[in-house]
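Here the structure of chain A is known, so what remains is to put chains B and C in place on it, guided by the hints.
Each chain, written out:
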Amino acid sequence: MKRLVLVIALVALLPGAMMYAQQPPPTMQEDFVPVSALPQAEQLPAAPLLIAAYAFVWVALMVYVWSLWRRMARLERDLADLQRRVPKP
Amino acid sequence: MTQFLRVAWVVMRKDLTIEMRSREIVYTTVFFAASCVLVFAFALVREGRPLEDAAAGILWISIAFAGTLGLGRTFERERHTETLRALMLAPSDRPAIYVGKLLGMLVLLAIVEAVLVPMVGLLFHAPVFARPLWLGALLAAGTLGFASVGTLFAAMLVRARSRDVLLPVLLYPITIPVIIAGVRGTAALFQATPDEPMARFWAALLVFFDVVFVTLSLWTFEPLMTE
Amino acid sequence: MSRLFVPLLLLATALFAAAPFVVANAPFEETMGLVQKIFYYHVPSAMMMFLSAFVCGIASAIFLFRRSAAADRVAQAAGELVVLFGLIVLVTGPLWARKAWGVWWEWDARLTSSLLLWMIFLAYLLVRRFGGPGSEKLAGAMALFGMANVPFVYVSVNYWRTLHPKTSVVMTLAPGMRAAFWFSVAAFVILYVLLLTLRKRLEDRQAAVEQLYLAFEE
Chain A
1 MKRLVLVIAL
11 VALLPGAMMY
21 AQQPPPTMQE
31 DFVPVSALPQ
41 AEQLPAAPLL
51 IAAYAFVWVA
61 LMVYVWSLWR
71 RMARLERDLA
81 DLQRRVPKP
Chain B
1001 MTQFLRVAWV
1011 VMRKDLTIEM
1021 RSREIVYTTV
1031 FFAASCVLVF
1041 AFALVREGRP
1051 LEDAAAGILW
1061 ISIAFAGTLG
1071 LGRTFERERH
1081 TETLRALMLA
1091 PSDRPAIYVG
1101 KLLGMLVLLA
1111 IVEAVLVPMV
1121 GLLFHAPVFA
1131 RPLWLGALLA
1141 AGTLGFASVG
1151 TLFAAMLVRA
1161 RSRDVLLPVL
1171 LYPITIPVII
1181 AGVRGTAALF
1191 QATPDEPMAR
1201 FWAALLVFFD
1211 VVFVTLSLWT
1221 FEPLMTE
Chain C
2001 MSRLFVPLLL
2011 LATALFAAAP
2021 FVVANAPFEE
2031 TMGLVQKIFY
2041 YHVPSAMMMF
2051 LSAFVCGIAS
2061 AIFLFRRSAA
2071 ADRVAQAAGE
2081 LVVLFGLIVL
2091 VTGPLWARKA
2101 WGVWWEWDAR
2111 LTSSLLLWMI
2121 FLAYLLVRRF
2131 GGPGSEKLAG
2141 AMALFGMANV
2151 PFVYVSVNYW
2161 RTLHPKTSVV
2171 MTLAPGMRAA
2181 FWFSVAAFVI
2191 LYVLLLTLRK
2201 RLEDRQAAVE
2211 QLYLAFEE
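Chains as they are written, first to last, in the numbering used here: chain A, 1 to 89; chain B, 1001 to 1227; chain C, 2001 to 2218.
Since no wrong hints were added, every one of them can be taken at face value.
Far from chain A, by Cβ distances over 12 Å, these chain C residues were calculated:
{"no.": "1", "residue": "I2062"}
{"no.": "2", "residue": "A2070"}
{"no.": "3", "residue": "A2071"}
{"no.": "4", "residue": "V2185"}
{"no.": "5", "residue": "V2193"}
Here are the in silico distance ranges between beta carbons for each label pair:
{"no.": "6", "chain 1": "C", "residue 1": "A2014", "chain 2": "B", "residue 2": "E1082", "range": "54 to 62 Å"}
{"no.": "7", "chain 1": "B", "residue 1": "T1028", "chain 2": "C", "residue 2": "V2189", "range": "47 to 55 Å"}
{"no.": "8", "chain 1": "B", "residue 1": "E1222", "chain 2": "A", "residue 2": "W69", "range": "38 to 46 Å"}
{"no.": "9", "chain 1": "B", "residue 1": "S1162", "chain 2": "C", "residue 2": "A2215", "range": "25 to 33 Å"}
{"no.": "10", "chain 1": "C", "residue 1": "V2189", "chain 2": "B", "residue 2": "G1048", "range": "53 to 61 Å"}
{"no.": "11", "chain 1": "B", "residue 1": "R1006", "chain 2": "C", "residue 2": "A2215", "range": "45 to 53 Å"}
Simulated from the structure, these hints should not be mistaken for lab results.
Predicted model only: the values in this text are computed from it and were never measured.
Cβ atoms here follow ideal geometry from the backbone N, Cα and C, with glycine treated the same way.
Looking at chain A on its own, in the form it has when it is part of the complex (with noise of 0.2 Å):
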């Protein structure tokens, strides 16, 4: 149950942040336009999206092996301690 809030939390504040630190998005364009030819006001550097988008992907991995460790390492013990009491009759 922690566990869920935990990712509910860290999904939820992810483009929370990301949304706070940027203007409101401009009126959608219709086709493909390079870069180059945007105004000034509109070309976003690139960068903090960038490394945005790697440190979640890794953010993410990192936390879901980490939930599997723990689950492993519970289970581990709970098997244990099973097979310790099931060979008393």
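Coordinates of chains B and C only, in the frame set by chain A:
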């Protein structure tokens, strides 16, 4: 084959007979669908008047909501009297039972739509009688797609926990493509000059969905209902 | 499988450690510049999401029709991975789109269908968790229907007007990019196999514990 159809027919007649006695589900579902339309009409306004372009969307959303409600109620009744288990014990083709229940649901939804379509036409000035056959085809194909998946899931959920909230959770993502196709096709028909080729495309897509979903449902009904 | 595990793990680590350098060395894309580099993580993740959806669907079908408990455990593992990789796709996509298209999201066919697929498998996990007894079969049906949705995603790009690059873009990549791309794909495939194995092993342990509990109670 005839045995299959006979069983389906008997199951459907059973459902409709029981329903005709109290007419509880029909009345409440139709009223619920009408309330949905009203709520949307008041919620989606521009300059104090309902949005006319929203007619197609509102129609299909109301059908989807009413369908979910009807499915839940119908199978709740089954659960209450344990008739589903009795049906499963009967020495008949399991998929036939599924088809019978599906036909019952289709009748219920047809009644709901018969009320909703004129209502939407009235409230949103939508030309519902401009191309009645195409509209009927879209509604039939879409309703079949929605009801086929819905009947399967509702039957499976009869014994599950949290079944009331799980039905929409399972049903809506799977049937959103049906809703999209239905809304876009209906919207094409509600335009000033109805766009028939567009409606035909979406109707064809809906038929494709129906074939896929009904086949999948028939195929998985038996393994899903057996313990 | 367990003998291959450690070598694969080392290989995956090596690939992911090398990835930033490989990606940085790939040529810049003409029109999108730096932000296009998200592509090297976004597309392989999308491929893994769809692969996992298929794995889950097929495993669910085997579970439903052959009553194989092992298949059910594979399905559970694959279902979780669909949600994981789908989350990566749905976050890196808008981050890329904000720069490339000017908006965070657009309701075109492929984005919508990908979101739908993700939600279907999220519902899959919800049902398994909160459906009570017998929910594995329910979830299995859900996965089957979800898998049937996947070809629809692929075909939809070719039939509807969309801003998303058409599926054929991969074959027309510049040579420098092609190497980096397939490198990323290889890394993700190995990662996927590792995660699936780990998760399935977790399920196996879970099943063993439950069996022992039952034996204990008798």
